[in-house]
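Construct the complete structure from the given sequences, taking the supplied hints into account.
These protein sequences, in sequence, are chains A, B and C.
The opening residue of the first sequence carries number 1 in this note's numbering; numbering runs sequentially from there.
The opening residue of the second sequence carries number 1001 in this note's numbering; numbering runs sequentially from there.
The opening residue of the third sequence carries number 2001 in this note's numbering; numbering runs sequentially from there.
Everything labelled a hint here was simulated from the structure, so no lab data went into it.
Check before you lean on any hint, since a few could be wrong.
Claimed, not checked - DMTMM-like mimics (lysine to aspartate or glutamate), calculated; alpha carbons at most 20 Å apart, straight line:
hint: 1; chain 1: C; residue 1: 2029; chain 2: C; residue 2: 2016
hint: 2; chain 1: C; residue 1: 2013; chain 2: C; residue 2: 2169
hint: 3; chain 1: C; residue 1: 2245; chain 2: A; residue 2: 775
hint: 4; chain 1: C; residue 1: 2013; chain 2: C; residue 2: 2067
hint: 5; chain 1: C; residue 1: 2099; chain 2: B; residue 2: 1121
hint: 6; chain 1: C; residue 1: 2099; chain 2: B; residue 2: 1127
hint: 7; chain 1: C; residue 1: 2029; chain 2: B; residue 2: 1003
As the list claims (entries may be wrong) - So the derived list for chain B, only partly shown, Cβ under 10 Å to chain A, looks like this:
hint: 8; residue: 1041
hint: 9; residue: 1044
hint: 10; residue: 1077
hint: 11; residue: 1082
hint: 12; residue: 1122
hint: 13; residue: 1125
hint: 14; residue: 1142
hint: 15; residue: 1144
For every residue, glycine included, the Cβ atom is placed at its ideal position computed from N, Cα and C.
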Amino acid sequence: MSASAIGQTVETERYSGRAMPRVEDRRLLTGSGAYAADLDLDGQLHMSVVRSDVAHGTIRAIDVSAARQREGVVAVYTAADVPDVRIPVRLLPTEAAKGALQPVLARERVRYVGEPVAVVIATDAYTAEDGARDVRVDVDPLPPVVDPNVATTDDAPVLHAAMGTNCLEAFEVSQGGDVDAIFERAHVVVEERFHVNRHGAVPMEPRGLLARHEPDRPLLTVWGVAKVKHHNRRILAELLSLPLEEIRFVELDVGGGFGARGEFYPEDFLVPWAAMQVGRPVKWVEDRRENLVALNQSREQDWTLEVAADAEGRLLAIRASGLFNQGAYVRTHGAALFPRLMINHLPGPYRWEAFAVRTAPVLTNKTPSGTYRGPGQYEPTFVRERALDMVARELRLDPVELRRRNLVTTEDYPYDSGLTDLQTGLPVLYEDGDFPETLDRLLDHTGYADLRADVNARQAAGELVGLGVAVFVEMGTPGIFEQARVVAEADGTFTVHVGIASIGQGIETVLSQIAADELQVPIEQVRMSYRDTDVIPEGQGAFSSRGTVYGGHAVVGAVHDLKEQALAAAADAGGAFEVPADMAYVRGAVCWEDESGPRSVTLAELGAEGSYRYQPEGGSHTAMGANLGVVSLDPDTGRVQLLRYAVAYELGRAINPLTVRGQIRGGVAQGVAGALFEEFAYSPEGQPLSTSFMDYMMPTAAELPDVDVIIVELGERTSDSPLAGAKGAGEGGIVGTAPTVANAVADALGAGADRALTRLPITPERVHRLCRARERAA
Amino acid sequence: MGDRLSVTLDINGDPYEREVEPRLLLSDFIRHEAGLTGTHVGCEHGVCGACTVQLDGRPVRSCLMFAAQAEGHRIRTVEALADGVDGALHPLQQAFHESHGLQCGFCTPGFLLSIEPQLADVPDWDDEQIRAALAGNLCRCTGYQDIVTSVRLAAARMQGDEA
Amino acid sequence: MKPARFEYHVVRKVDEALALLAEHGDEAKVLAGGQSLVPLLNFGLAAPAHLVDLNRIEDLAYVRRQEGVLHVGAMTRQATLEASGVVARHWPLLIAALKLVAHPQIRNRGTVGGSLAHADPAAELPVAGAALDARFHVRSTRGARTLTWSELFVTHLTTALEPDELLVDIEVPPLPPGTGWAFAEFSRRHGDFGLGGAAALVTADGDVCREVRIALLGAGATPVRATEAERSLAGGRVDERSAAKAGRLAVEGIRPPGDLHGSAEYRRDLIEAMVRRALLDAAARVRR
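Printed below as a string of structure tokens:
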């Protein structure tokens, strides 16, 4: 890239598109990062949360006397002490949700094991926990309900009396022709029930918050926030009845979010509120046992699905009903998000004549659920792609061929999917990217024909190996806007303030690349600033893989504005009303020529600043991916070993292929873990069983495969913007993993196993039994 | 019950003398008494490995020791790997940086201290052996592949240096 | 998850430890490697009033072979035993078992005696001890006694040790020449406790078995020796058929637990398969 100034062509480094190491790394590698638990303030007290160990019950009494008397305990609070507030819905609020919002401390009833019942404030973390153990919570148990299929029946215990039901609003979409008629005439109908396991984000860093109230200023500062700090700041202001300007949120380093960390939880109210009560900073660090029962869980869905196809393998229609286990309370994503996401991601990148889908979230006495990487995408994708393999088997068609025959192609563009964009309310059109091309890239890269033949040969020789494929389309809901401000500092560096959040995904680097390119300066001269709401009062945060696109566009716009401001200032300084034709921005300076020759003034000298609010008309991006996996099964133990895994992901453009591959690999790992290992298991009484890392099984390096990532860049260069055509990559790795693994296992085991491979996780025990059954049948 | 003890711990060659309760975990001493927060706490039951430090050169879980037990031993934490705060990175850190072996960074110090003593053996290992050696540390962000690549790179470089 | 308060005692001699155990009885727990105990303390599943730290007792950490017999001090770190050339040469089954114990970071602190005294039926060292017919030397202020492995392991997480007793020495008899060994185990993740496993020792002259020992992991509340299976192989050869049969015999009558990680039937199948594998591997090692 070059910038010309008065006949000179200046070559500058280009960062966008480069697989470059991250600017964030050094402090993290040397142990100089600062995560929430690392921050200590003079005079601080520690908070420990007393949590219900009963899944459902009426609170008769809470005896805090022993706790209050313990030396070192400064205060103990229960619902009687705190305002009677509920945590509001951030996304798509509806009336239906209002009856099931969570109080910041349990009131009258406890509804899940782990629900906060009281808080103890003490001089140190150990004493606070001692104090928490002193608190006696007297609960009259009520019958719990944990299965959403049971929770929707008439005699199920109702969690929120005012609602009269556990079923939150159902959502239905019916598109295309007469679905029933199509099923009547269809050549093939596959009908199955599916269950996706409850699992979730489980980031390596548990949560932590530190709050300090300075009434003289007045200012309430909260450290340790993440993901959507601007939203949460507004929520806290509302709940505390404080003016927004009196609250400052500071994001520190974050040890993974994956959608779960950073939403507003009871502790996000309790810590700052307690700090205001005790007049000293209050620090809370979640421990792992709490994290496993208190952080949003996710994914638990039950589906009934019917797929109709004709004799040539043309997909005709879907009829489906899906329940989402919301747990005991509606969380910040509200009641409306999941049902809509589930429907939007069920049809996939295929042409259908019709579909009729009904989805509903259901309340049960489990930990409340929230969004987790690829929410409402991972689950319907599993369901649909499994079902398609069953259709292919019925038709004796190669599963890849079945998909090829039905993928929406560029010739169909713009293709009205029949779905509705969650953000704009407009129809979702498939109009960019290329589904068949993405699939072909995967197949070419993996040498599918040979691979398939090789697996077939090994199967014929009696080996339990299988190959599975899955494709998906992912619709983001990237939030309405993002803001950035770029400041030329006196030392020649540029500070880029942007409202995004960092959860470890490399966003600092990616945005620095974009900024450095636009500014035409070495990346070392760019400093990202995103942590402090005092400095960036508006922003949207990190979710739905939006950071690069939304943050990037905001940064590009801000730099553009900066240049304009700088040129105007330089012109003004020279007494001109308009910017002279020969005056140009070059690498951090404004250059022009006058009688004495080439002149320039740096932006630092000009004190220039630019800002921009990126608020596009459109809504979601759609991105498409294709996955392939090869598995080997050990019949004695049922172990599923992944021999091969590849993902082709069409993400428009990759600003940093290194971080993109890292995101996708990380997503695959979590997705495979969900398919084979992880589960938040509960007893029928609502007692969580996965309460340590011995029981909640996150795989180690020894269980996971290498992942080939094929980045497919088809982004239309509609403009010179480095982001033109870019989409996000944060979730693409995870969405297609479950069916890829399940289809591969089904391929290894044969038709007899199909019905059993509709429930996740696919445990070694189940595979072992299926192997045995297959042996006996032979 | 729970009277305080005076302990002096040698961390990265520096002495830290503090009055502590016997039940104070070594991880908490390192982080809050010595102020070295590079060692992280992920589970407090010995599974995740984020708290791994080296005790007399051997990787151990600092969440499973009491600070009082560590007196008389040499403790090494992640802060000792690089050459001072702004100095050269340890080849292992450098390799992680180049090969994108970290994302959120929370698990990273534990990985570094766990694998560092074994780097001399790594060039002889296949991927399965490397992954087995890494199995005592959990990572949620990377899916491990880039960590394996980083470890291979570091080991190859260090072997080259010694050759 | 912070532990509750305890009174902390550091001792440098076995007798000091014994005196404290005699004084405090079941109000005291000994702290060895801490890799099993400290998680329990952190989870609040144990809250002893007194903790006796054994880590400064130098006399209890040793690995010796005397007249062919192995003696391991109870406070010997698992990693130390794993690295012992003497053990690798004469009792390689122990090395194989140790390599399955968690991860190196755990073995650097965990002790041989600690693992045995913890008596988790899914742990590898107790099973290796059963296969090797180990004997356990125990002391208290009241005296000393020696327990066989079947006397030591009473039930799930419970040994025959009285509250005032301390395991001090583990004695392993020599193995006859011509003994092959193997430890086979299945766990869902590398380093986890096994869901099912088996240790096998096959002593053979040529192809004919003189003695076979099979100890089962995860078969019940303690390690189990599969004596029927052992007998079925005496005087015969270990091959696919006899190993498979031994596997079936080994799991007859065992009652493995069932939980969220596996049902009893599945564990039974696992153990059967692990017995078969361990026997074949051990027999192959004899020939070498």
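Against the structure, the hints:
1. 2029/C x 2016/C: holds, 14 Å
2. 2013/C x 2169/C: The given pair, whose Cα atoms are some 14 Å apart, holds under the 20 Å limit.
3. 2245/C x 775/A: Distance ~18 Å between residue 2245/C and residue 775/A Cα, so the pair holds.
4. 2013/C x 2067/C: The given pair, whose Cα atoms are some 27 Å apart, is violated under the 20 Å limit.
5. 2099/C x 1121/B: The given pair, whose Cα atoms are some 17 Å apart, holds under the 20 Å limit.
6. 2099/C x 1127/B: Measuring from Cα to Cα gives roughly 18 Å; hence the hint holds.
7. 2029/C x 1003/B: With a Cα-Cα distance of about 18 Å, the restraint between residue 2029/C and residue 1003/B holds, given a limit of 20 Å.
8. 1041: holds, 7 Å
9. 1044: holds, 6 Å
10. 1077: holds, 7 Å
11. 1082: holds, 5 Å
12. 1122: Interface hint status for residue 1122/B: violated (13 Å vs cutoff 10 Å).
13. 1125: violated, 13 Å
14. 1142: holds, 5 Å
15. 1144: holds, 4 Å
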